[in-house]
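Participant: In order, the protein sequence lines correspond to chains A and B. Per our numbering, the very first residue in the first sequence carries number 1; after that it's consecutive. Per our numbering, the very first residue in the second sequence carries number 1001; after that it's consecutive.
Hints are not guaranteed to be accurate.
Calculated lysine-lysine pairs in the BS3-like style (CA-CA distance at most 27 Å, straight line) [unchecked claim]:
id	chain 1	residue 1	chain 2	residue 2
1	B	K1244	B	K1092
2	B	K1054	B	K1121
3	B	K1244	B	K1022
4	B	K1054	A	K144
5	A	K6	B	K1092
6	B	K1054	B	K1180
7	B	K1022	B	K1092
8	B	K1092	B	K1162
9	B	K1195	A	K138
10	A	K138	A	K155
11	B	K1121	B	K1195
12	B	K1121	B	K1180
13	A	K108	B	K1121
14	B	K1162	B	K1054
15	B	K1054	A	K138
16	A	K6	B	K1162
17	B	K1195	B	K1180
18	A	K50	A	K108
Keep in mind the hints are simulated off the structure, nothing from the lab. None of these values were measured; they are calculated from a predicted model.
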Amino acid sequence: MHPIRKQRLQIVVLIVIASSLATALIVYMLGQNANYFFTPAQVLQGEAPKNVTIRAGGMVVEGSIERSSDSLDVSFLVTDGLADLTINYSGILPDLFAEGEAAIATGKLDGDKVLQASQVLAKHDENYTPPEVADAMKQAYELKQQEQYQSQEAKK
Amino acid sequence: MNLNLQWTWFHRLGSPRWFYQKTQRWLPWLCLIMLSLLVVGLVWGLAFAPPDAKQGNSFRIIYLHVPASVVALAGYYLMAISGAVGLIWRIKLSYMLMRSAAPIGAALTFIALVTGAIWGKPTWGAYWVWDARITSMLILLFLYLGVMALRHAYSSNEAADKASAILGLVGMVNVPIIYKSVDWWQTLHQPATIKFTGAPSMHPDMFMPLVVMIVGFYTFYAVTLILFTRIEILRREYRASWVKQLVENNSAEK
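Same shape as in the complex, but just chain A (with noise of 0.2 Å):
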């Protein structure tokens, strides 16, 4: 190689180190500042500003979803596995909003760690699968689970 174009390579793989050094620098003090939500734990922690607005999310737990009589108000529980916050929100939710889902919520934590939410949206994760296969899926799962109760029931 000629070494005018050896040192043109030089200079630009130091373009290339330099850009991404100072890159990585701004990322790394971005750190947790550039997460969309906080998760349970960290607000149970402490972690989450109160009476600001911050948005927190989690898995929506099975079960914890009630819903007003004569309103368009609801409650509900998100758990990242180490903590349940209580969300409640007035409005209409997304249609992938169910149970068992991940929902994100925009709102202020009040004194009790409650996040009081002016908007919800649901997260999709990264799995797709045809209608049939979830159904099979979904019964093979209740089906084992049926046998687990049945065996501890005959172990009685």
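Since the structure of chain A is already known, use the hints to place chain B on it.
Facilitator: Chain B in isolation, oriented as in the chain A frame:
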């Protein structure tokens, strides 16, 4: 001496004339492959693939969103590396490739952002959120637009090419950030369905048309890049004798 010989093929490859004449023969075949892949992929994905258990039919926008995003990211590397080759070897053709790759990449990034927004409204409940994935993808669009705009800031092609190539190199770090953003931060956007290691988290009946569409978009990228570069070659090499000859022959035919 021996060392110089090894590099002559590289310089021959960088001849605009060679590129223009070779691609003339490649283009019909590439177009044929592109059309068949895109038609098969679209019909398969939109009409024959099963609907998603949770999203129903709205998931089908994945057959445009994912291929556009994948090729927009890969195209950025192609643009930046062409710029680097231009900076190091001063090969005219690589600067022409860099310049032609920018508008195509910008268009693909725009398609990815728009299809994402259209899908986001029914799925998430919002067209746009400022999470790490979507924001870094918007930065990619601005980088492409920046490379496109920078050349108008200079009167000479040479200075514009150098500046664009450096901007391209500086922005290269954004590509792995986009790719890893869903793992590094908590985002509303879901993690990758297609993984480098391990099986895709998608049923094969839905995954196969997606693969066809991704390969189809890569061929589409190749075809558009070749067409744009050919125009760029004619625009910049208008003084070359072979271009003059070409124009004369063309007008004689008419």
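Participant: Decide, hint by hint, whether the structure agrees.
Facilitator: Hints versus structure:
Between B/K1244 and B/K1092 the alpha-carbon distance is near 18 Å, which keeps this suggested pair within the 27 Å criterion. About 15 Å separates the Cα atoms of B/K1054 and B/K1121, which keeps this hinted pair within 27 Å; it holds. Simply put, B/K1244 and B/K1022 have alpha-carbon atoms about 18 Å apart, close enough for the 27 Å limit, and the pair holds. As the CA atoms of B/K1054 and A/K144 are separated by approximately 23 Å, the hinted pair is consistent with the 27 Å bound.
A distance of roughly 18 Å separates the Cα atoms of A/K6 and B/K1092; the hinted pair therefore holds under the 27 Å criterion. Using a Cα cut-off of 27 Å, the hinted pair B/K1054 and B/K1180 holds, with the two alpha carbons roughly 26 Å apart. A distance of roughly 17 Å separates the Cα atoms of B/K1022 and B/K1092; the hinted pair therefore holds under the 27 Å criterion. For the given pair, B/K1092 sits about 11 Å from B/K1162 by alpha-carbon distance, which is consistent with the 27 Å threshold.
Restraint check: the Cα-Cα separation between B/K1195 and A/K138 comes to about 25 Å, which is no more than 27 Å; the hinted pair holds. A C-alpha spacing of about 26 Å is found between A/K138 and A/K155, which places the hinted pair at or below 27 Å, so the restraint holds. A hinted pair counts as satisfied when its Cα atoms are at most 27 Å apart, and B/K1121 with B/K1195 qualifies at roughly 26 Å. Between the alpha carbons of B/K1121 and B/K1180 the distance comes to roughly 24 Å, so the proposed pair stays at or under 27 Å and holds.
Between A/K108 and B/K1121, the direct Cα distance comes to roughly 23 Å. Compliance with the 27 Å bound is thereby established for this hinted pair. The suggested pairing of B/K1162 with B/K1054 is violated, with an alpha-carbon distance near 49 Å, which exceeds 27 Å. A hinted pair counts as satisfied when its Cα atoms are at most 27 Å apart, and B/K1054 with A/K138 qualifies at roughly 13 Å. Taking the CA atoms of A/K6 and B/K1162, the gap is about 17 Å. The hint holds against a cut of 27 Å.
A hinted pair counts as satisfied when its Cα atoms are at most 27 Å apart, and B/K1195 with B/K1180 qualifies at roughly 12 Å. For a cut-off of 27 Å, the pair hint linking A/K50 to A/K108 stands: about 7 Å separates their Cα positions.
Checked against the numbered hints given earlier, the structure breaks only hint 14 and satisfies all the rest.
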